[in-house]
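Chains as they are written, first to last, in our numbering: chain W, 1 to 114; chain D, 1 to 115.
Fair warning: there could be bad hints in the mix.
With a straight-line cut-off of 25 Å between C-alpha atoms, the simulated DSS-like cross-links for lysine-lysine are [unchecked claim]:
#, chain 1, residue 1, chain 2, residue 2
1, D, K57, W, K101
2, D, K57, W, K106
3, W, K106, W, K58
4, W, K106, W, K69
5, W, K58, W, K22
6, W, K22, W, K69
Bear in mind the hints are in silico, worked out from the structure with no lab data behind them.
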Amino acid sequence: AQSVAQPEDQVNVAEGNPLTVKCTYSVSGNPYLFWYVQYPNRGLQFLLKYITGDNLVKGSYGFEAEFNKSQTSFHLKKPSALVSDSALYFCAVRDKLGDDKIIFGKGTRLHILP
Amino acid sequence: KAGVTQTPRYLIKTRGQQVTLSCSPISGHRSVSWYQQTPGQGLQFLFEYFSETQRNKGNFPGRFSGRQFSNSRSEMNVSTLELGDSALYLCASSLDAGLVRYGYTFGSGTRLTVV
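Generate the whole structure from the sequences, applying the supplied hints.
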């Protein structure tokens, strides 16, 4: 069965600094990988996805993520953080050979300090 | 176009009661999935429906059930409510099943409080 781990419950970054939110996964086959963001009292919003192809994926709001097959990671990055990036971030995985369930990590709360 | 609509937004129920939550997907979307979000557990998968058929089910007790109608609208039902069922219930729709090509679009959720 597939699984996804977000090892940090919270990440604090100063505004203007680069940010990284970590995600590792476990699947039996090749993965589909996703990042979503949740603002207070809102549903999740899609940021980006990796299906196949280029390992560096660019998404919404200046975010990008790098698929690393050998490390089974899909870390979310942004070169320069904004206070408005403060939110809850979820990584998700689907195993292409699996049962089609989309499994989400427990989320990482990102605090951007002004 | 309209997004994913979940009703009601907030709900307070008493232990032992049952509750029905509704989700209207984006027009044209045939896949609807349900998730339970709690602070300690994050998002946990409940079930996925595609063209009125349940494609997948998570590890929840039988008190949790769902269905999808011919217009793709979906409902989930929780019977014999327990305090631990208090959570934000999120519905997500997609054009395809299993996100082969397209991602989810989430609704804003229904906040269920069991007292």
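Against the structure, the hints:
1. D:K57 with W:K101: 8 Å, holds
2. D:K57 with W:K106: 19 Å, holds
3. W:K106 with W:K58: Between W:K106 and W:K58 the Cα gap is close to 23 Å, so the pair holds against 25 Å.
4. W:K106 with W:K69: Distance of about 21 Å is within 25 Å: holds.
5. W:K58 with W:K22: 16 Å, holds
6. W:K22 with W:K69: 14 Å, holds
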